[in-house]
Every structure is written in structure tokens, then in C-alpha cells.
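> Given the structure of chain A, go ahead and fit chain B onto it with the hints provided.
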Amino acid sequence: MQPVTTVHYLALSLALLLIGTVGVLTRRNIVIILMSIELILNAVNINLIAFSNQLQNVNGQIFAIFVITDAVAEAAVGLGILIALFRNKETVLADEVNLLKW
Amino acid sequence: METFFFYAFAVLVLGGGILTITRRNAVHSAISLIVSLVGVAGLYLLQKAEFLFAVQIVLYIGGIMVLFLFVIMLVNLDEAAKERQFNGQWAIALICSAVVGLQATWFMTKGASALKFAQPPVVGHASGPVSPGNVEAIADVLFSEYLLPFEVASILLLVAVVGSVVMAKKRI
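Residue numbers (our numbering), protein chains in the order written: chain A, 1 to 102; chain B, 1001 to 1172.
No lab work stands behind these hints, which were simulated from the structure alone.
Take these hints with a grain of salt, some might be off.
Derived EDC-like pairs (lysine to aspartate or glutamate); straight-line CA-CA distance at most 20 Å [unchecked claim]:
1. 1048(B) to 1140(B)
2. 89(A) to 1079(B)
3. 1048(B) to 1136(B)
4. 1082(B) to 90(A)
5. 1169(B) to 74(A)
6. 1082(B) to 95(A)
7. 1082(B) to 96(A)
8. 1169(B) to 90(A)
9. 1048(B) to 1002(B)
10. 1170(B) to 90(A)
11. 89(A) to 1083(B)
12. 101(A) to 90(A)
13. 89(A) to 1078(B)
The calculated label-pair distances, taken between Cβ atoms and stated as ranges, are [stated by the list, open to error]:
14. 1095(B) to 5(A): 25 to 33 Å
15. 95(A) to 1069(B): 18 to 26 Å
16. 5(A) to 1069(B): 20 to 28 Å
17. 1004(B) to 97(A): 42 to 50 Å
18. 1112(B) to 88(A): 45 to 53 Å
19. 1147(B) to 57(A): 15 to 23 Å
20. 1171(B) to 90(A): 31 to 39 Å
Listed next, the stretches of chain B that the computed footprint assigns to chain A, with coverage defined by at least 3 CB atoms under 8 Å from CB atoms of chain A [unchecked claim]:
21. 1048-1062
22. 1074-1083
Even for Gly, the Cβ is constructed at its ideal location relative to N, Cα and C.
Isolated chain A, as found in the complex (with noise of 0.2 Å):
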């Protein structure tokens, strides 16, 4: 087996991306929605991550704390919201919320 090299790193994230990206679009579940862009936010984080080891520059370690920062009030903002729109519409599908549709 070949070693492993940044490339490998950067294809393992392009695939955790595309997941994360397949299911913000296609699920109608909120829920699973929120965690596809927990799985994107992750992808960007290998990414970071192995560039960092790649250059020995510490610089990508603290991006990802300030992604995985972001991460969090996302989750609390989102989940808050989502708790929110269940009170009033007794619904968690996506597409079962068209106020704003024409």
C-alpha cells in the first residue's frame, strides 16, 4: 500500500462534502438536515487539518476551532429554531413550510 499523502485526505473530505451536500438537498427532514451540514462543516475541517500537518503551520488548527465554533451556534441557533416551528406549524418537513412560497 501506498502512503497516505494530502491528496488521500482531500479526496476522504471532497466525498464527506458531496454526502453532506446530497442530503441538505434531497432530505425533508429538518433534523437531518441540520446534521448534513454538521457532516459539510467536518469535511472542511479534514481539509484544514491536513494542510496544517502538510505545511507544519499551526494556523489551520485554529480555523478549525473558529469552524467548529461556528458549528456550535449554528446547531443552537438552528435547533432553537426548528423547536420553534414545531410549536406553531406541527411540522418538521422542509417542504411542508411554504409561507413564503409564491
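Relative to chain A, chain B alone:
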């Protein structure tokens, strides 16, 4: 050995991710997401980012996933599980993602040699002082060069906490 661990964690990450977006039951999706996040944490460890490994375990698996599971318990997902799981645009979404994936794969195979631009410099450990650990190195940069973004991030977290409480509360 590192190669073996890389592929083991890659299987965890991708398998967990695929299960996350295909399961009907949201709790099963959450468990699969935990598996995927554990795999990502293992990759951090392989890349010598020990601090992020700990943060990933504590914050993601201990914090965010518990939040998700609480919300799954709070909102009633039984009716949603009985319905159609994918919306009407799933075919076009798959096509678009496949096109983007093919493009990125093409560029990655063509440009793999360009990624050798900076191989890790050979540090002379013998002459210089002992290189600090991962946590010390992160703290050094985070609290000097990135001090302002750090404070902005703390304000962002404060706003997120207040906002989620305001939105989830029934009567303010």
C-alpha cells in the same frame, strides 16, 4: 500502520455519513453521525492535532449530539418517519452533486503533483529548543495573532445562546 488506520477511519467517516442521510428514523441518523464524527476525530489524531481531537470528542460528540438527541425527543418525529423521506428534487440534486464531485476529482488527479509545494521542513530538533506540544503551539498563536477573532467568536457564542433561548421559549 498509519495507512491502515487512515482507511479504517475513512470507512467510519464515510459509512457513518451515508447512513446519516439515508436512515428513516432520526435517532438512527444521530447515532450514525456520532460514528462519523468519531472517525473524523481519529483523523485529527493521525494528523497530529491532539487538541482538536479532544475538542471534537468533547464538543461534538458530547455537546452537539446530546443537543440533537434532546430536540429529537422534544419534537414528535413519528409522523415524519412514516412519510416520504426525500423531496421531489432528489434526482437533480444527485446529478448536480455528481457533476461537482467529478470536477473536483478531475482537478485533484491533475493537480496532485502541485500539492507537493511545501513538504514539511526538516526541523533541527537537536540544536534548537524543545518544540512545544500541540496545545501550547495553538494557544501561542490563538492568544496573540488571532486574539480579535477569538473575542469575536465569544460574542458570536453569546448571541447564539441568547438567540436560541429566545426562540425556543414559549413566552418571553
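> Are the hints correct? Go through all of them and say.
Cross-check of the supplied hints:
no.: 1; hint: 1048(B) to 1140(B); verdict: 17 Å, holds
no.: 2; hint: 89(A) to 1079(B); verdict: 14 Å, holds
no.: 3; hint: 1048(B) to 1136(B); verdict: 13 Å, holds
no.: 4; hint: 1082(B) to 90(A); verdict: 15 Å, holds
no.: 5; hint: 1169(B) to 74(A); verdict: 18 Å, holds
no.: 6; hint: 1082(B) to 95(A); verdict: 15 Å, holds
no.: 7; hint: 1082(B) to 96(A); verdict: 15 Å, holds
no.: 8; hint: 1169(B) to 90(A); verdict: 16 Å, holds
no.: 9; hint: 1048(B) to 1002(B); verdict: 12 Å, holds
no.: 10; hint: 1170(B) to 90(A); verdict: 14 Å, holds
no.: 11; hint: 89(A) to 1083(B); verdict: 17 Å, holds
no.: 12; hint: 101(A) to 90(A); verdict: 18 Å, holds
no.: 13; hint: 89(A) to 1078(B); verdict: 15 Å, holds
no.: 14; hint: 1095(B) to 5(A): 25 to 33 Å; verdict: 30 Å, holds
no.: 15; hint: 95(A) to 1069(B): 18 to 26 Å; verdict: 24 Å, holds
no.: 16; hint: 5(A) to 1069(B): 20 to 28 Å; verdict: 37 Å, violated
no.: 17; hint: 1004(B) to 97(A): 42 to 50 Å; verdict: 46 Å, holds
no.: 18; hint: 1112(B) to 88(A): 45 to 53 Å; verdict: 51 Å, holds
no.: 19; hint: 1147(B) to 57(A): 15 to 23 Å; verdict: 18 Å, holds
no.: 20; hint: 1171(B) to 90(A): 31 to 39 Å; verdict: 19 Å, violated
no.: 21; hint: 1048-1062; verdict: holds (count 8)
no.: 22; hint: 1074-1083; verdict: holds (count 6)
Hints 16, 20 from the list above are not met by this structure, while the remaining hints are.
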